[in-house]
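Note that the protein sequences, when read in sequence, are chains A and B.
First residue of the first sequence? That's 1 in the working numbering, and the numbers climb one at a time after it.
First residue of the second sequence? That's 1 in the working numbering, and the numbers climb one at a time after it.
Accuracy of the hints is not assured; some may be wrong.
[What the hints assert, rightly or not] With a cut-off of at most 20 Å between alpha-carbon atoms, the simulated EDC-like pairs for lysine to aspartate or glutamate come out as follows:
id, chain 1, residue 1, chain 2, residue 2
1, A, K142, B, E61
2, A, K191, B, E61
3, A, K138, B, D154
4, A, K142, B, D143
5, A, K411, A, E240
6, A, K80, A, E24
7, A, K138, B, D99
8, A, K280, B, D99
[Stated by the list, open to error] Beyond 10 Å from chain B on every Cβ pair, some chain A residues (computed):
id, residue
9, G172
10, Y176
11, E347
These are calculated hints, taken from the structure and not from any lab test.
For glycine and all other residues, C-beta sits at the position ideal for the given N, C-alpha and C.
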Amino acid sequence: MPTLVSHPEEVKVLSRRFGQGAAEIDKYVELDGYKAVQKAIESGPEWVINEMKASGLRGRGGAGFPTGMKWSFVPKVSAKPKYVLVNGDESEPGTCKDHVIFLHDPHAVIEGTMIAGLAIGAKMGFIYLRGEYRYLLKIVEKAVADAYAKGYLGKNIFGKEGVDFDIVTQTGAGAYEVGEESALMESLEGKRGVPRIKPPFPAVVGLYGGPTVINNAETIASAPHILLMGGEAYAKIGSERNGGTRLFGISGHVERPGVYELPMGYSLRKAIYEVAGGIKGGRKLKAVVPGGSSCPVLLPDEIDVGLDFDQMGKAGTMLGSGGIVVLDETVSIVEFALRTIKFYQHESCGWCIPCREGTDWLKKTLTRFYNGGGNLKDINNIQYLAENMMGRTFCPLGDAAAMPTLGFIKKFRPEFEEYLKGVRTEKNFITTDELVGASH
Amino acid sequence: MSTVTNSIFSSATAARFDHLVTLYPVKRSALIPMLLYAQDEVGYVSDAVVAELAQRLDLLELDVRGVLSYYSMLRTKPAGKYNVQVCTNISCMLVGGYDILDHCKAKLGIGHKEVTADGQFSLEEVECIGACCWAPAMQVNYDFHDNLTTVKVDSILADYAAGRGKDVK
């Protein structure tokens, strides 16, 4: 069971009900639960969208698209039913924030889904959890059933004539790619999780061909808090153009790993050294992967940067999913790069050739390199392969594999070169047979 | 009464499937949960499971197999009674995920995707399971075990071997 952590620097908005038994509906209601959605019903869709726009909330899945704007793109009138889709297919390595939300505050996700539905005129929402989160699915299923029993879901919710909303929970069955919005829709339609071509965007043609708002679970769970405290007040907590707080999962070589809620724009250095207690065992910091494994790596002298979408972009990396992975001086970057690319090779859905072949050749080359069969040309080849994957695929998985690879090569080229001189002989990582043999 | 006569599933699962297909605007949407729940009951996705799910959803068996082959949690061969899934992705790797995997291999005497001779345990190296801040982590029959050490793994495996382990199917 995930342990809850706490630090005085935290600003608890989204996590304020964590650890208080708010998975039980009565407790949730006692802690201001389901007030925001009733306010939304009274005040109407325009008010909701304006508050969301004022909040400066940006998509917590990783892309950082302004949520209020996303909701406003959905056409008012549609011949086909509209849907709200919650992306709880949390699979980006280094990321476990939605895990904690589903565990401690499932009703916030449900209430947020209803709010999104009211804002866009949808009558149905889906909450999609990755298959591995079976115990969390049960918690969410119970929460949904409790909400139906109270009359918060179904027909005439909260006793309001003509206001209907239904929620269906759904499980995945193991696929990182399904975290991509259009692949998730395919999966929810009972198909292989391959991405769709865009445009049309989901706001116009989404699930079952209807206009669809798809948001990350954390984004959705933020909505009730925003409506309760007001969009502007929420925006003020964060940094410029990055409203509010965010759950940051700090893992790897830190003294106190955990999921912490920090204001947007909070210093990455402070997050590592103060909030998470610094590097384990007092060792030296070597690198930080700041927002899930697809984000380009940062060096120790690059971490004086604010944790928001814009500042991280300027620093040449991404805020991503908020999963901060900390590497100490003992880590071999060659080994780390191989493990990263092995993941993307495994998860590439195979739809686009640059990604399918690119990740495969990157894995093969890095495997050979790691096992002592590499040469100097490999380093340029790895870079060349990764550069040729960038921007050439339907969905961002190809980029997600290429970007960290380019980061490792660019920032640790001397280490790759050194590696060729004194190849490590111990095989404490994984053998070539296991790596290459398993998938061929 | 199930819509499929001679269902291979227990009456509870058959009833659950009858209900599942009514939840969505398109009944094919029930396919992935059905595959997973069928696997939980049968142990793997057998030919008979494929045939019945195709019949229930008015799909070709080919459609079902196409989906089945895509998702990594679905398998077409039996796993052990207790399926041990060890994460070795970056956050786990940094804090000994591979030591945990190696320990499980040695302890159970099996490798990746293998089953012990008595059918009690199977082992899998898996990608990130979303327990990064409590790494290293593994799942046994969907139940999470985190902050692992080899000593802790021994006691977890012993619990399952003695039938005391948790199963969140």
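Discussion item. Are any of the numbered hints broken by this structure? If so, which, sorted upward?
Written reply: 1, 3, 5, 6, 7, 9, 10 and 11
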